[in-house]
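J.: Sequence:
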Amino acid sequence: MQPEPALRRSSWNASTRAEPRIMPQRRKNDLGLAEESADVLSPDEKLAVEEHAPLRPLAVHEVIRREGVEELSRPMSSLWWSGLTAGLSIGFSVVAQGTLYAFLPDEEWRPLAASPGYAVGFLIVILGRYQLFTEITLTAVLPVLAEPSRQALAALGRLWATVLLANLAGTFLFAGALATHAVLPEAQTRGIAEVAQHIATFPAGAAFVRGIVAGWLVATVVWLLPSAESARIWIIALLTAMMPALDLSHVISGSVEVFYLQLRGELGIIDGVVRLLLPLLAGNVIGGAALFALLAHGQVHDEMEPDAPPRGQAASPEAAPPPARPARRPAKRRAAQ
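According to the UniProt record's numbering, the sequence shown is numbered sequentially starting from 1.
By construction, these hints were calculated from the structure, which means they are not laboratory data. Ideal Cβ placement from N, Cα and C applies to all residues, glycine included. Be aware that a few hints might be false.
[Unchecked claim] Between beta-carbon pairs, the in silico distance windows are: (1) Gly176 to Leu294: 32 to 42 Å; (2) Leu294 to Met76: 49 to 59 Å; (3) Thr180 to Trp81: 33 to 43 Å; (4) Pro75 to Gln197: 34 to 44 Å.
The whole structure should be built from the sequences, with the hints applied where relevant.
T.: In structure tokens form, the structure reads like this:
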């Protein structure tokens with residue numbers, strides 16, 4: 001009866017022996033780098049990591065592309081009324097900037113200090129999701145670049161023409177109301193006139209070049225918004241306020257100033273259209289569509305291929321398509337009985 005404790009001790013050791021820990025295999029990319037760290041995070045921490053991870057450029061492209069598809073499919077009447085509202089709303093950029101200009105001292109830094117007012121109209125238009133011409137130059141171009149076709153190009157031309165005319169109709173109505181001098185006090189009206197007279201000094205070449213940079217800035221706003229979350233207001237305000245601070249101009253907000261001077265008889269109709277509006281329009285389109293949209297699409301073009309693996313992940317053999325099955329031989333006809 002003496003070996004009994006030893007047997008019990010041996011049995012206890014066998015039952016309590018620690019089993020070898022199996023470490024989870026971490027998925028690695030084609031560079032040999034682990035896409036995830038060791039399994040040391042709790043489920044809540046993993047969820048927090050996913051929530052704080054930035055969107056990939058391909059995901060940002062897809063968000064904007066889907067918005068563009070939706071805009072290209074909207075009825076013309078919806079585009080018109082949304083564009084008209086945007087044209088009326090963008091006029092508040094000129095009003096806010098002119099108001100600040102009127103009450104600031106006449107110093108060299110006054111144009112810079114008044115530039116934040118320029119963002120007011122863009123905040124209304126972009127957060128209100130109205131149709132602004134230079135904003136949709138990126139949104140509507142990406143679907144066409146992704147799937148080019150005659151039908152898509154025709155829809156893009158219809159969208160551009162409708163929104164541009166609606167925007168200009170809205171800015172003309174807004175400028176007409178300002179030109180009556182019955183809407184705002186005299187001080188604000190005087191400040192608006194000073195702001196508008198500055199754009200009238202632009203030569204055509206300068207308006208074109210400045211329009212390119214302004215179109216790029218507006219397209220940058222559109223590209224950053226899907227990742228902005230709570231910083232949307234700050235991104236819109238900062239980037240659009242840079243336009244007057246850098247002495248740039250936007251064709252739609254600039255048309256408020258041009259129409260205002262024309263209705264007051266301080267600027268010729270042909271001169272304002274040929275020397276200012278057309279160069280600004282061409283510059284905005286080139287900066288927002290021809291340059292930014294092409295570059296934004298180019299950086300994700302190879303990742304949009306259906307068989308392309310996610311960025312940083314090598315294609316696995318399992319993902320390869322199965323081999324084609326051999327064709328079945330036709331069944332022999334039975335001999336007639």
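J.: Hint compliance check: list the failing hint numbers for this structure, sorted ascending.
T.: 2 and 3
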